[in-house]
Amino acid sequence: MPSTSKNKASARKWPKEGVTRVPFWVYSDPEVYTREMDVIFGGATYNYVGLECEIPNPGDFRRSFIGDKAVVYVRDQDGAVNVVVNRCAHRGTKFCYQEHGNVSEFTCPYHQWTYDLKGDLIGVPFRRGVKNRGGMPKDFKLEDHGLDTLKVAARGGVIFASFDHSMPSFEDYLGPNMLSYFDRVFDGRGLKVLGYSRQRIRSNWKVKFENLKDPYHASLLHVFLVSFGLFRADTPSKTQMDSTGMHAVQVAQRGEQKDTEGTSEMHAMQADLTLQNPEMLQPYPEWASKGDATVVMQTIWPNLIVQQQSNTIAMRQIRTFSPEEYELHWTFFGYEDDDEEMTLRRLRQANLMGPAGYVSIDDSEVMESVQSGVSRFPDVAAVVEMGGRDTEDAPHMVTEVAIRAFYKHYRHVMGF
Amino acid sequence: MPSTSKNKASARKWPKEGVTRVPFWVYSDPEVYTREMDVIFGGATYNYVGLECEIPNPGDFRRSFIGDKAVVYVRDQDGAVNVVVNRCAHRGTKFCYQEHGNVSEFTCPYHQWTYDLKGDLIGVPFRRGVKNRGGMPKDFKLEDHGLDTLKVAARGGVIFASFDHSMPSFEDYLGPNMLSYFDRVFDGRGLKVLGYSRQRIRSNWKVKFENLKDPYHASLLHVFLVSFGLFRADTPSKTQMDSTGMHAVQVAQRGEQKDTEGTSEMHAMQADLTLQNPEMLQPYPEWASKGDATVVMQTIWPNLIVQQQSNTIAMRQIRTFSPEEYELHWTFFGYEDDDEEMTLRRLRQANLMGPAGYVSIDDSEVMESVQSGVSRFPDVAAVVEMGGRDTEDAPHMVTEVAIRAFYKHYRHVMGF
Amino acid sequence: MPSTSKNKASARKWPKEGVTRVPFWVYSDPEVYTREMDVIFGGATYNYVGLECEIPNPGDFRRSFIGDKAVVYVRDQDGAVNVVVNRCAHRGTKFCYQEHGNVSEFTCPYHQWTYDLKGDLIGVPFRRGVKNRGGMPKDFKLEDHGLDTLKVAARGGVIFASFDHSMPSFEDYLGPNMLSYFDRVFDGRGLKVLGYSRQRIRSNWKVKFENLKDPYHASLLHVFLVSFGLFRADTPSKTQMDSTGMHAVQVAQRGEQKDTEGTSEMHAMQADLTLQNPEMLQPYPEWASKGDATVVMQTIWPNLIVQQQSNTIAMRQIRTFSPEEYELHWTFFGYEDDDEEMTLRRLRQANLMGPAGYVSIDDSEVMESVQSGVSRFPDVAAVVEMGGRDTEDAPHMVTEVAIRAFYKHYRHVMGF
Amino acid sequence: MASPIRISVETRLEVEDLLFAYADCLDHGDITEWANFFTDDCLYKLISKENWDLGLPLGTVLAEGKGGILDRIAAVTQTSVYHQRALTHLITNTRVLADAGGVIDVTANYAVLETLPNQYTKILNSGRYLDKLVRQGGTLKFQEKLCIFDSALVPASLIYPV
Amino acid sequence: MASPIRISVETRLEVEDLLFAYADCLDHGDITEWANFFTDDCLYKLISKENWDLGLPLGTVLAEGKGGILDRIAAVTQTSVYHQRALTHLITNTRVLADAGGVIDVTANYAVLETLPNQYTKILNSGRYLDKLVRQGGTLKFQEKLCIFDSALVPASLIYPV
Amino acid sequence: MASPIRISVETRLEVEDLLFAYADCLDHGDITEWANFFTDDCLYKLISKENWDLGLPLGTVLAEGKGGILDRIAAVTQTSVYHQRALTHLITNTRVLADAGGVIDVTANYAVLETLPNQYTKILNSGRYLDKLVRQGGTLKFQEKLCIFDSALVPASLIYPV
Ligand code: FES
Ligand code: FES
Ligand code: FES
Ligand SMILES: [Fe+3]
Ligand SMILES: [Fe+3]
Ligand SMILES: [Fe+3]
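Chains as they are written, first to last, in this note's numbering: chain H, 16 to 431; chain P, 16 to 431; chain G, 16 to 431; chain E, 165 to 326; chain B, 165 to 326; chain X, 165 to 326.
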């Protein structure tokens, strides 16, 4: 019997057209997935882990994940943030049982090996035996058996971590343009978490990244966005990437709820849609000093989307499991100095986003439909030619350029 | 470590005894399954898709599937039936969200690429950009990006489709004898759907085909059938195949509820079983002009069983998912010219079939038991010697010949 | 694309440190699992199947399993116990539908092939055809188509079976020291089942064996055990293996609920914990004549733990499914000559064990945590150095020696 | 928004008694007593929401009159081959919609949990009842019982009535 | 251990009538009627137990006043893209905790079963209701409805209200 | 077919109040108050349908008297190691079977939904209660509570009482 196509990642060939095609085997092949976990999430990348404001005090910790690997981020006694793998150095137990809390040290429940907040092993019960019997070998060294630690970068209250300790700085990783968008939201003010939302989506994780790097769809899929002008192709906008293509931003200004020359092809536009509670959409121009943009959606390789739509701001963290399923973990936040009205505004606008969001519902449904569509056709490919075939910045949103740039980098890293 | 037996389809060897043995790895090996999807369901076969009466008017459509691939069948403006893959040519979205409906064109929700009912791409929003920005490359041609279409064959109101456009006619595919049985039920009268039933069975899909190609079991497993003489080895019957072995029929005449010479080995026979509502089993001899048969069960390679038992008639469509699970989708129907009494008769007799059917319950349970039995023993094989070791038609039902013929063809196609 | 680490069992390399390391790929690699089913559970091992007292009369049977394969154990007419695979020799149906019962022969539901209690095929309906039509080939021999049978060993009322008919005696398999511990509980008195408990644990099956071969954890994890002195490192105890390392016992004496020199490192110890119903822990010294031990936990390769903790005695049978999930099936029992008070004592002490057991809850949680910890890190390894690096018996419980011995044997059998 | 007819407390409780006794018969009782909950001229139909919404008449189970009920019982107990299983009916949201002309209209939601040997408990079937009850000899009985189930896709078989 | 205030039988049954009519509207009725179950100044909030326990204000759905309710209906019926699905609410353990000052405090447990086309029925969302009811024009309405759901992890989307 | 004894409306509602307050204590309350629902001489037993049907005495949980209840609480709260989880009891089909000699016999069906952190809600345990209630100081208490659960196969652990 000749070998068949599925499950043979090592023999995978990218279509000859290059980044204007995305072969569907990238969305379902288990070997591709395993390799992504190794070389992307486990490799030379900064992965979003959490916010500093979630762990304000020494000993505060929260659980998080990088790709499909569990980690813990913790505030050390000296105020620094450490990130360790949630896996005991003894026999591998996922030792941290609480989602969050405050500890002076980490103790594994199984045999109570104890680690300090840096992940160094500081205690092994019965190391010297009990009543002169048993115990660890004389040459057993605590320092050889600490937790796996990650390189940590924090900026503007946001914590990133990398399995690769030789990473350049986070600033170099983002590059100047992407960094300026990042700093736009994370401007040094204290952050305040408003709440979490969590979804499991039956699609490959890259489908989510494509979705956020694809302003083309927003003017067509999202009736709500389009009708109320929250994000629409006829308003001033741009699509930009860093020099590698791994990060991107979609930037736009709000339009009005009326037909323009540009809306003629937007069948989703409902010019007569009205809200009973229009205050929900009333934006407060909090970033007006930094330009006209009312929406900035930034994708930071490989696991973060920074959402700023009007006044609803959130981190969207991607968690992987398997080729055909991922989770989206949202942390909605505001600033410490928000007054009640501003907090209420953010909470109201949050109706746009999350599992029941007026906009997000569309995306969640369509992402699962993409996976349904591609899963059984590994040898077919997506056509990604809107806006041309290049990977250069575009001063508009009628383009899929950021997807092409993403796969340019992906192919480079994955060796495809 | 030497390699183990499971999951190594390419090294699979059929037992030397040939078609009198079926190695259990055909029921659980993921590589075998993938190959089946490629060369059987995705290859030179006609797959049942639906009934013409389900889509009477131009624009009427329903969703269906071939193996594990989603398709849509639709009535075109000219009255012809088209079958397209439910996968957008842009980025792969399963675009058709409704189980059935009426449309003038298909529009993918993600970016509203629009296709006519033949599957040709007729619209790409923002193809020329918005306000002179973006858009598709100038050389982008709509005609290169239509939906995948299938070759369609319709006969007697039944729709078949093939991924292979070089298929011979459906009539040649069935061959004259099988065609005559097919035409017996689909005689040109209009059909009328009475309802659907759907089951998911935890067994390999071929176990279902074996079950329907195995009249041997009916006289032994099904107390209800046997006791009331609906299908029993002591009555006139026959088992026939087409020349390849891929299709088959079981044909039989109803017997009486009494012991005969032939029932002595049928322990399931309950001569004293009675019904309070015996009208349920009262057959109306609607095919009397075409011979004495009261039951004709026809298996059409690779995904259809045409059920005619007394007056309950149904299409049973096989949907695959994975090696160890399949679905059975039943479409019960009658004829347009049925009177109320005949419709009621069919509905009453439907108690025999489906998820709660007096007969089908037995089959569903036993098929799952076969899978449980074979799943962990890939290197053992079934013994298929009832009625001899050949693959020739038999004038009786004391035989597993149609299973042997089925595997003769299966080995040929799969290259085992 | 270079191949990645996961799913490549055949290329697996054990860490150079030897048995003081356990590479995490042994817990999650599907190929390793398949090979375990072949060479361990399907190979030269005695697997626990059930108790003789469960099938006292000829024709009594119960269903059981060996690894992931279903078997039936049955009392033959001559009083002997037979164990057969629950898979019909015809087409593979898992023929035995009842968990337990009494039969004079086994009949497969599908075509009613009938087997005697030894598994020999004694009846094939329509073997000679019906009315001279059909039937089996003349040279079909019943004796070639019996059920798969296993070699059976019974001792002390306990039934073991092996797929390998060339096995040495069970006594040789256990070796003299392990046998003496086995005979301590199974001393010839009749047994009486008190009830079953069943759990599915999301971890590899070997994690359970490690847990039972690891007295180190008991003094640290189990607050209940430690506080009430039921099993604690400061009391007389020992850890012993057979000569191969495959079997082991942990033996200990009960201590008091007070701090001793040895309890200083046991943070779990709660000296002031009290029970409202202390009679639950009142042991009756039923094995006093056989030594001072109040706890003997014996692990018998590859699927049994014999639990004797105070007066609660149970068989714990391991059932496998997949690399990352197993089931634990408990049979709690007493002796036929137990009086009511003793039965009540056993039932009360059973609160320690099972899905809601004061001790077992800890183990079940921690085993799932081990799997969570190791599953995504196939290339990391456990450090197993407590009590040294050897595989020799130890006169105490401050050791992981039995785990090292287990993996010594495991590597030998698996060829790693 | 429905404005429910005022039904007497006693009737409401009697209706729940009937539904729960019916479920108890199927879950823990003797299925041969199932027929006693129905009138002689009853109609029992188990139908998928898919067929119901399409106006298609096919039922997964159709039992006409007590005879049809008894035939179903006979088939399940004397002819069909299947594994033993445990059932638990969760009947909730019981609403008495009308009590007029001797017929009580009742609706309720239900979920039937099924447990096969050595498997986890799962939702076998869920949906709603649309029932018509009448009083016979001082006892309420089903003159009509429609069970409209949510998922057309059945996990293998529906062996017992819902 | 709670010692429940004695509530009249009529009030208890009326409260259940409201809860079940509400569920019926979402499961089998016309979702545009959902607004009729609320007062003009109502608050509807669907919030995960995770946020609730942490004291975080974010709701998965926040609807303020009948306007907020109507906007949610408009979004679901006129703007969102999704597959059809069947819902069945199982509402159990209804407890009337207080009936004072014109406000009735009610709690209940619920599970919403969801069935997507050609898929098995699954538990979409479960948890408890914390409701405040008032009487308006002879009918009970929700002045406040908090739905605190167990699993923060949502399977894809929560399209309809709970 | 059961012909239920006529039980007063007040007793029926009081029984439901007890069952629902009991569930609320386990789902959302303080488990240390669990003991207050029982009499001093109570018996609590959680037993699989498998053992029950075989007549085998082994319970997954056996608590004799309030002392046994308190010991179980102490073990769960002070000694056992486990992850936090959310529980939701769905108690349905409550039937008061008898009210004689000071003892009220009650049966109900139940499903306990469990949600572990970052996981979907699942059916942890389902089955039926067979309870005996007595009145003490004006309050109903459990003198005996048998929980007979459907699936002998437990997903890992049953940490809290059912
Ligand atoms: S596994 Fe963590 S201390 Fe042993
Ligand atoms: S994926 Fe269908 S239009 Fe873009
Ligand atoms: S499979 Fe058992 S008799 Fe045919
Ligand atoms: Fe979007
Ligand atoms: Fe059959
Ligand atoms: Fe332990």
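One or more hints might be untrue.
Reference excerpt, derived from the structure (chain G facing chain H, CB under 8 Å, subset only) [claimed, not checked]:
| # | residue |
| --- | --- |
| 1 | 147 |
| 2 | 235 |
| 3 | 248 |
| 4 | 276 |
| 5 | 277 |
| 6 | 282 |
| 7 | 288 |
| 8 | 290 |
| 9 | 400 |
| 10 | 406 |
| 11 | 410 |
Keep in mind the hints are simulated off the structure, nothing from the lab.
Using N, Cα and C, we set each Cβ at its ideal position, and we do this for glycine too.
(message) Given residue 282(G) as an interface hint, is its Cβ closer than 8 Å to any Cβ of chain H?
(response) Given a least distance of 6 Å, the restraint on residue 282(G) holds.
(request) With chain H as the partner, please determine if residue 400(G) meets the hint condition of a C-beta pair closer than 8 Å. (result) holds, 6 Å
(request) Return the status of the interface hint for residue 147(G): holds when the least beta-carbon distance to chain H is below 8 Å, violated otherwise. (result) violated, 41 Å
(message) Please check whether residue 288(G) passes as an interface residue: C-beta within 8 Å of a C-beta belonging to chain H.
(response) violated, 18 Å
(message) Does residue 277(G) hold up as a contact with chain H if the rule is Cβ-Cβ below 8 Å?
(response) For residue 277(G), the interface hint holds, since the closest Cβ of chain H sits about 4 Å away, which is under 8 Å.
(message) Checking hints one by one. Is residue 248(G) an interface residue toward chain H, by the C-beta closer than 8 Å rule?
(response) holds, 5 Å
(request) Against chain H, run the beta carbon of residue 235(G) and see if the smallest gap drops under 8 Å. (result) holds, 5 Å
(message) Interface hint check: residue 276(G), Cβ to nearest Cβ on chain H, cutoff 8 Å. Holds or violated?
(response) holds, 7 Å
(request) Against chain H, run the beta carbon of residue 406(G) and see if the smallest gap drops under 8 Å. (result) violated, 14 Å
(message) Holds or violated: the hint that residue 290(G) contacts chain H, with Cβ atoms closer than 8 Å.
(response) Where the cut-off is 8 Å and the nearest Cβ of chain H is about 23 Å from residue 290(G), the hint is violated.
(request) With a cut-off of 8 Å on the beta carbons, see whether residue 410(G) makes it to chain H. (result) holds, 7 Å
In this structure, the earlier hints numbered 1, 7, 8, 10 are contradicted, and the remaining ones agree with it.
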